[in-house]
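When you line the sequence shown up against the working numbering, it's residues 1 to 741, in that order.
Hint data in this document are derived by calculation from the structure and do not stem from the laboratory. Careful: at least some of the hints might be erroneous.
Cross-link-like lysine to any residue pairs, in silico, SDA-like; alpha carbons within 20 Å at most [claimed, not checked]:
{"#": "1", "residue 1": "K28", "residue 2": "A73"}
{"#": "2", "residue 1": "K239", "residue 2": "V316"}
{"#": "3", "residue 1": "K270", "residue 2": "E235"}
{"#": "4", "residue 1": "K270", "residue 2": "A214"}
So the derived label-pair ranges between C-beta atoms look like this [as the list claims (entries may be wrong)]:
{"#": "5", "residue 1": "L244", "residue 2": "R478", "range": "56 to 66 Å"}
{"#": "6", "residue 1": "V355", "residue 2": "T303", "range": "56 to 66 Å"}
{"#": "7", "residue 1": "Q414", "residue 2": "Q624", "range": "24 to 34 Å"}
{"#": "8", "residue 1": "P530", "residue 2": "A625", "range": "46 to 56 Å"}
{"#": "9", "residue 1": "R739", "residue 2": "R478", "range": "49 to 59 Å"}
{"#": "10", "residue 1": "T569", "residue 2": "Q624", "range": "38 to 48 Å"}
The beta carbon of each residue, even a glycine, is placed where N, CA and C say it ideally should be.
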Amino acid sequence: MPPTATPTHVELAIGGMTCASCAARIEKKLNRMDGVEATVNYATEKAKVSLHAPDVSVDDLIATVEATGYTAAEPAPTPPEAVHEDDGLRDLRERLTTAVVLAVPVIAMAMVPALQIEYWQWLSLTLAAPVVTYAAWPFHRAAFTNARHGAATMDTLISLGTSAAFLWSVWALFFGTAGMPGMVHPFELTISRSDGAGNIYLEAAAGVTAFILAGRYFEARSKRKAGAALKALLELGAKEVTVLRDGREVTLPTAELKVADRFLVRPGEKIATDGTVVEGASAVDASMLTGESVPVEVSTGDTVTGATLNAGGRLVVEATRVGADTQLARMARLVQDAQNGKAAVQRLADRISAVFVPVVIALAMATLGFWLGTGAGPGAAFTAAVAVLIIACPCALGLATPTALMVGTGRGAQLGILIKGPEVLESTRRVDTIVLDKTGTVTTGRMTLLAVHTSHDEAEVLRLAGALEHASEHPIARAVADAALRRTGTLPAPEDFVNIPGLGVQGRVEGRAVLVGRARLLDDREIRLPAALERAKAEAEAAGRTAIAVAWDGEARAVLEIADAVRPTSAEAVGRLRGLGLTPILLTGDNRAVAESVAAEVGIGEVVAEVLPEDKVAVVKRLQAEGRSVAMVGDGVNDAAALAQADLGLAMGTGTDAAIEAGDLTLVRGDLRAAADAIRLSRRTLGTIRSNLFWAFAYNVAALPLAAAGLLNPMIAGAAMAFSSVFVVGNSLRLRRFRAA
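Generate coordinates for the entire structure from the input sequences, incorporating the hints supplied.
What follows is the structure, encoded as structure tokens:
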């Protein structure tokens with residue numbers, strides 16, 4: 001079918017997925033349709049579909065998903081304030097609570113002979129029945145869905161194992177000898193053939209269900225946060241705006257703004273929407289959106305962006321874009337696209353079980369057929385076959401991922417590293433390139449006085465300049481004033497203070513006529529910089545810093561170097577990242593001179609500068625297209641989409657909520673060295689999960705031949721299960737010894 005010139009993009013909310021292989025199955029079915037390109041994300045539970053065929057409708061897509069065994073619908077728009085806990089998570093928590101409360105006494109009675117009262121086995125059945133039916137229902141439902149489509153996942157293994165253990169226990173209680181009063185499970189670690197009539201496995205059925213539900217619950221909690229980045233972005237904008245109507249000031253919700261409306265922005269307020277300045281002049285701090293560390297001077301005719309901060313004077317702005325057309329809304333769409341397009345990492349356990357489950361089922365059937373064929377009798381044959389299914393579903397498998405994840409994430413939290421979920425760990429293993437945002441990540445994100453060039457007394461220069469700048473709200477002025485206060489302790493009060501937009505300030509301090517600002521401010525008053533100060537100014541600007549001149553009584557006295565200071569630990573952090581095999585790249589919306597100066601200071605060889613938020617996403621995509629696995633570290637709103645697009649997003653905890661929510665890891669300390677620690681901890685945690693999974697399977701693979709031979713004593717099975725679980729927990733607890741470098 002020939003494609004249409006312009007594809008139609010559709011988003012569907014998918015329901016019923018239980019693992020990454022579900023997402024892969026839906027994606028495969030959708031892509032088989034003519035003229036359809038689909039990406040299904042298990043983490044966000046959404047399908048992003050491009051339709052190239054005009055005769056394929058949204059209803060056709062929904063029908064295909066439903067025929068695959070899942071639900072689909074067009075997502076309804078939800079305002080940020082309407083985000084509540086979804087019913088799926090609440091239902092999962094109720095099932096988990098039921099399983100834990102009822103399974104603990106069942107396991108205790110099976111493992112401690114002293115608790116095995118006269119009718120303990122019937123009490124165990126009463127307690128285990130709701131666990132295996134109600135609590136484990138999501139596993140049974142998913143196993144049935146998978147079976148209809150010829151697939152096998154962890155759900156298949158869990159459902160078969162728990163059902164086999166429970167049903168055989170019921171048979172043994174009602175039709176065998178297990179229901180006799182006074183029956184006990186003795187601690188006999190001997191290998192002998194049994195007809196199974198006296199064996200019950202209720203603790204295995206209930207325990208496995210409880211353990212694996214716990215893992216699913218913690219996973220679901222992390223998945224619920226997938227849309228929080230969009231909420232954080234949308235909440236950045238101003239909630240109310242002062243609109244000028246017929247000469248009056250009227251306060252309205254920002255949502256009611258229309259194109260061509262004129263609105264007032266006072267100092268310290270957020271600009272409500274994208275527009276053009278029609279009155280006034282000010283400095284606008286756009287660092288959270290653009291990454292530009294130096295506030296931008298704006299005056300009549302200049303464009304401004306919604307959600308940026310007015311750091312200076314009063315402005316009147318005419319709205320040019322509102323609602324979904326604004327820069328902020330476009331960035332929210334970028335984050336959403338990046339999240340939906342990010343490939344979900346398939347669970348290692350699911351990948352193993354895709355092979356392991358069919359093999360176990362085939363082995364169980366072969367065992368049944370063999371013993372029936374040799375005349376061993378139905379009891380012994382079914383005992384051996386069911387033992388194969390039971391031993392293939394260990395408690396340790398349910399513990400392998402959640403225990404390592406809980407210990408690893410708990411240790412990370414103690415070190416100021418927040419890991420969002422197991423998918424993150426898989427990403428850390430592969431990354432080979434790390435993209436570092438400059439402003440607020442490699443640097444402090446605050447304008448700082450770095451140097452004073454003067455032939456006069458430096459303390460006097462700072463006292464006079466700081467006194468004048470202390471009266472200004474401009475970020476550069478605050479940097480000078482803060483440095484002066486730290487140096488001198490107190491500052492004199494200025495007189496006749498005048499702010500000259502775009503140039504600087506003037507006034508009288510201690511009887512002297514003082515000027516502080518750009519060199520042009522002095523030129524306009526025919527004050528020339530001496531050769532030494534001119535040279536200092538040129539060198540500062542060549543290094544990408546802002547040079548501020550100070551003059552009094554008609555003579556230039558000093559040049560101050562102002563810049564966004566590099567964090568003291570950034571150079572060390574870059575060295576550690578290189579030591580982990582990562583190639584660092586500096587990415588910034590700031591100008592190239594500033595970027596290259598910072599890169600040289602911290603030891604980064606590759607720089608990408610003067611980029612817009614859209615360009616940051618494009619840079620990450622370009623690196624990925626080159627075959628690199630990319631980690632991104634950032635802190636601003638402008639980084640949110642790139643953090644979501646990267647294979648691994650690391651957000652500085654000192655940054656904006658939007659960046660933190662879009663990232664996979666959050667570095668609470670705001671120290672770039674934590675990025676190296678986060679990657680080390682994540683890799684260590686992933687390694688622990690892998691070794692846990694290996695041993696969880698290894699114990700049972702080793703026991704399968706015994707089960708197939710009909711030699712599996714229930715206490716040996718119980719002891720092996722307990723030992724494997726203890727081993728997995730102990731292995732996970734070793735992560736508590738992880739130390740920051």
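Practice problem: Just pull the numbers of the violated hints for me, sorted ascending. | Solution: Result: hints 4, 5, 9 and 10 break, sorted rising.
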